[in-house]
Amino acid sequence: MAFRNPFAPRRASVTTPDKSLLVENRKLIETIDRRKVLRGTFSLGALSLLAGCDISDRGAVQSVLKTVSDFNDGVQAALFNPHKLAPTFSPDLVVRPPRFNAYYEIDEVKPVDVSTWKLELSGLIKDKRPWTLDQIYALPEQEEIIRHICVEGWDYIGQWSGPNLKDFLTRIGADLSAKYIAFYGNDDYMESIDMASALHPQTILATKYAGEPITDPYGFPLRLRTAVKLGFKNPKWIRAIEVTNTYPLGFWEKQGFNWFAGL
1 MAFRNPFAPR RASVTTPDKS LLVENRKLIE TIDRRKVLRG TFSLGALSLL
51 AGCDISDRGA VQSVLKTVSD FNDGVQAALF NPHKLAPTFS PDLVVRPPRF
101 NAYYEIDEVK PVDVSTWKLE LSGLIKDKRP WTLDQIYALP EQEEIIRHIC
151 VEGWDYIGQW SGPNLKDFLT RIGADLSAKY IAFYGNDDYM ESIDMASALH
201 PQTILATKYA GEPITDPYGF PLRLRTAVKL GFKNPKWIRA IEVTNTYPLG
251 FWEKQGFNWF AGL
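Those letters in the sequence shown? Residues 1 to 263, by this note's numbering.
Wrong hints could be hidden among the right ones.
[What the hints assert, rightly or not] 30 Å max Cα-Cα, derived DSS-like pairs, lysine-lysine:
| hint | residue 1 | residue 2 |
| --- | --- | --- |
| 1 | Lys-179 | Lys-208 |
| 2 | Lys-128 | Lys-179 |
| 3 | Lys-166 | Lys-118 |
| 4 | Lys-254 | Lys-128 |
[Claimed, not checked] Cβ-Cβ distance ranges computed for the label pairs, FRET-style:
| hint | residue 1 | residue 2 | range |
| --- | --- | --- | --- |
| 5 | His-83 | Lys-179 | 28 to 38 Å |
| 6 | Thr-215 | Tyr-103 | 14 to 24 Å |
| 7 | Pro-213 | Tyr-156 | 31 to 41 Å |
| 8 | Ser-115 | Asp-155 | 16 to 26 Å |
Hints were generated in silico from the structure; no laboratory data involved.
Think of the CB as a built atom: it goes at the ideal place given N, C-alpha and C, for glycine as much as any other residue.
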């Protein structure tokens with residue numbers, strides 16, 4: 001009697017992958033790989049095993065990628081330690097000026113008119129009166145010399161100063177048990193972070209860089225600086241802050257990046 005080798009490869013119909021799937025979902029795949037969920041072993045073949053689906057099925061591929069990405073966000077949030085401090089550095093390592101980054105080119109920056117600028121407040125906040133720049137400058141400053149890490153792979157050491165965000169949220173009567181903080185920029189850029197990251201001791205509303213007021217094109221007059229998030233989670237030219245329990249989908253999340261984006 002002939003015995004079949006149980007480890008011999010089985011014949012299967014071969015479906016040629018649609019390469020456009022990789023292009024279409026490149027950002028999401030890169031993000032998953034960056035966070036080391038599958039330690040660099042993620043591939044179309046692995047995807048088909050995880051999904052149990054036809055890799056030529058665009059809807060199934062996108063569904064699985066989104067599921068893995070959401071799982072990754074959940075793991076990062078669960079592992080986040082709100083009391084662990086990020087490394088800090090000496091002033092001689094500070095890059096001057098800071099590196100420009102945005103979803104557009106530097107010559108497209110539209111300067112803020114500080115004479116009319118006010119920080120608007122909304123959502124789960126008791127005192128929603130807007131703040132002027134002079135009022136913000138009058139608050140106690142906290143300095144952070146931390147590493148800015150971009151999702152594209154580059155980084156630099158920056159020296160940021162401004163009010164501690166937790167102290168500011170407490171001052172305006174924000175609901176600190178809410179889930180999210182959304183930041184709206186003068187350039188129509190919006191990003192949001194989880195409340196635990198907002199309350200981290202190294203999260204500030206930066207008004208200065210290397211001891212001097214932040215200038216354009218680097219986010220004047222106000223930008224978020226947190227040591228626990230990737231660079232794109234630190235919006236510039238902030239004009240409004242919202243405290244909410246409704247999930248606010250940020251600019252880059254709409255392009256396929258992970259929402260939590262922790263370091």
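query: Checked against the structure, which of the hints given earlier come out wrong?
result: When the structure is compared with the hints, numbers 5, 7 and 8 turn out to be violated.
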